[in-house]
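The task is to assemble the complex, starting from two chains supplied on their own in separate frames and drawing on the hints.
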Amino acid sequence: MFVRLPDIGGGTITITVDGTEVKARAGDSVAAALAAGGRVSYRTTPVSGSRRGAYCAMGACFECLVTIDGTPNQQACVVRVSPGMQVSTQRGARAL
Amino acid sequence: MTHDVDTAIVGGGLVGAAIAFGLRGLGRRLAVLDEGDNAFRAARGNFGLIWVQGKGQDLAAYGAWTQSSARAWPELARELLSLTGIDVALAQPGGIHVCLTQDELDARVERLRAMLAQEGFERYDVDILDRSALAQRLPGLGPDVVGGTYCALDGHCNPLRLLRAMHTALAYSDVRYLPDAPVRTLEHRDDGFAIQTARGALRARQVVLAAGLGNARLAPMVGLHTPVVPNQGQLIALERVRPFLPLPLETIRQTDDGTVLVGDAQADRGCDDAVSTGVLSAMAARAIQVFPALRDVRMVRAWAALRVMTPDGHPIYAQSPSCPGAFVATCHSGVTLAAAHAYLLAPALTGAPLPPSMAPFTDRRFDVRQAA
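Heads up: the sequence lines are chains F and G, in that order.
Throughout the first sequence, residue numbering follows the numbering used here, covering 1 to 96 in sequence.
Throughout the second sequence, residue numbering follows the numbering used here, covering 1001 to 1372 in sequence.
Keep in mind the hints are simulated off the structure, nothing from the lab.
There may be inaccurate statements among the hints.
Claimed, not checked - Residues of chain G clear of chain F, computed beta-carbon distances all greater than 12 Å:
1. A1107
2. R1189
3. T1259
4. R1298
5. L1344
6. F1366
Stated by the list, open to error - Cβ-to-Cβ under 8 Å is the rule here; a few derived chain G residues that face chain F:
7. D1144
8. V1241
9. R1242
10. D1257
11. G1258
12. A1293
Said to hold, decoys possible - Restraint-style ranges between C-beta atoms, simulated for each label pair:
13. F:T71 <-> G:T1101: 29 to 35 Å
14. F:C56 <-> G:L1160: 19 to 25 Å
15. G:A1107 <-> F:S50: 44 to 50 Å
Glycine residues also receive a C-beta, built at the ideal position from the N, C-alpha and C atoms.
Extracted from the complex, chain G is given alone in its bound form (with noise of 0.2 Å):
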């Protein structure tokens, strides 16, 4: 058959952008096939760290691939705004957690030696704090700190800006931006796909699904298997202050504008990304223990999103076994591997088999267990 594009992206969000982003230029033809503003949308509702501490537990695998995308970010960020003139906020001081209670800080540091001692992994530092050192680098710490732990790769940028940042550099390149066409069906053909969708149909020799949770009802449509299921976190944005945080937190940050966010919470409540009082008066609770001074600035808005969870917490990235030329890519964490899908993934999605390095990654993993 013909094909309208050599590559069709289903998902126009940060995973989907990303890997678009790092697709663009090398002469393919390229569309994004996108719903649209009623999607469920995670790259619009995220937190925006760029996390590596605790990322390679169950996988050293996911570890090394996080700090590959810590690595490229300055890169991404520098080539977002040389193309679009988007300032995507980003800064990497490192990023601490900050533990309550002396039990919290024993079972993390428990679990990231745990972590760091599986064979193969790719070393990174932890530091652990104990309430002095932390109250150093954190000005205005609550007395309920215990401690924490400190990693030098993390860091944040502003999400939404990343977004448009991407959207903005796929628009001046020649990449075809569909939104409003959610996919219906995936149909493979002898050399190519071809692709239902809300706005019509669309043939393309391949195909990469970045579909967030649609991914679970579209990789079956091409042999891949991909089981993913929301997971609910919340959001406070604080008013803006002067800069009192240098660094981010894992669950509280300040913006490069001074907003003070609060994010965190995981809630397996199906597709609900209504806020609960009980969550957020829980978060803001546990922020004004970590920076007392938080109790006098005012809540602006709070939201809910829906994380892209796998069973086991890590990326799917896959070729299909019996389609070839069709990929799946999900995660939970597009802010922090947007760098990596853009550089590292996006140019092995060739149709020739996914290099070694993204075995650990395969669907199948979800087959061998279920078969256990």
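Just chain F, same shape as in the assembly (with noise of 0.2 Å):
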């Protein structure tokens, strides 16, 4: 379970995921908002189908990703989260 640091500031906005709110803080990558809201694993591999979510947390492992705004494939990781910001899951690959 990921707990925030108590000494990192940075004002509350709130982004919505699958659908729901969730809140996070300006400057969190999407990643770090999934994993302070709980969610460790938000996207299942085109080739097995098994659980993904942010495993490097820096760029390098496109384990982490996630549909933003409409655009699929997106580093949860690498990406800054914006106030209105719709966040959606995957499962499998995306659609063409």
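See the structure below:
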């Protein structure tokens, strides 16, 4: 379970994850916001269907892919949250 | 002299590996001499089609040979799976060549008709599809596509898994695999060949040159003539998407994992395997014309690879007249022809003359042309 460090500031903003409002802090990556909200796996792979979430959390592994504001396969760990951002989780490969 | 092996295969790409695969288990001592990871290796860069339509223009035997390989492919995929557990993702649902202008389509149809009309051509069916027939088979087809051609014999596989499966099968048998051992010299002795590699010497009763572009340098050492030159192609891998393409096109295919691949371009620019943005842009633009929805699919990576091209584009299979027991096998269709190389070519490399069916592929056809 992830807990925020007490000394990190930043205003609170609201994003939407699969239609549910989630509080995040300005400056959070999407992956950090998801983890702080208790979500650690939010994708299934196109090949085996197994569950995935942020693994490297630094832009290398591409395990944390989510759909952001309608664009699929975004790396949650390298995109910062912004007010009103619509995040949706992915099952399998993106549609064409 | 005493021989270290009966047959040395020079080259560990798809041609050499397929020949070694076909020769293993026949009681011969085999070695595969390979270069290292920095080799120009078509086997690691190719598109993965098993492609028949259009093959055989100007050389009817090439059409028959390609068909025989396509027919033998299911057995090859089954055997590799049972030996190694590696599924090479063979699918042969037919394939389509799309045309974006009426001129393109007319020219293609004319070429195919001339090919099929050749004397002695082992016929295969190629259907000419107009736009509406094509759109039925290809959901999401762009409005610029005017038509195309379909051949039921075409298909595709995962070429990287194919190479790995071949090498895994060789490792399970008693084939000696020597990487990082480029061949420097070949010398014909009374009853065999002395081979100098970067990692030492080897004596072999027979030698099979399957070294791709390297054959141009090696073949003359044993009385063969293999004037192959590099011909560059470029490939783009896109994101994985849900299955949308039920069969491969000649320049766009979707792998069993969902990756979309775009492969195209032919350029004679020597041993240059760097991509160029101009070519990639043109390929991407054309792919988007064929399937407009690809506009929003991101490119993941791109690479170039070098085809091994003979002057007429057809394979060379030959035994040296002056150094019996030295063979050359080279082509630009290592995937398509893998099954033929394993099951038909390899058993013919015995030291007896090659069977008459292989005669059209002799290297001496280029001598004749030069003399004329």
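- Query: Which numbered hints turn out to be false for this structure?
  - Reply: Violated hints: 3, 4, 7; rest satisfied.
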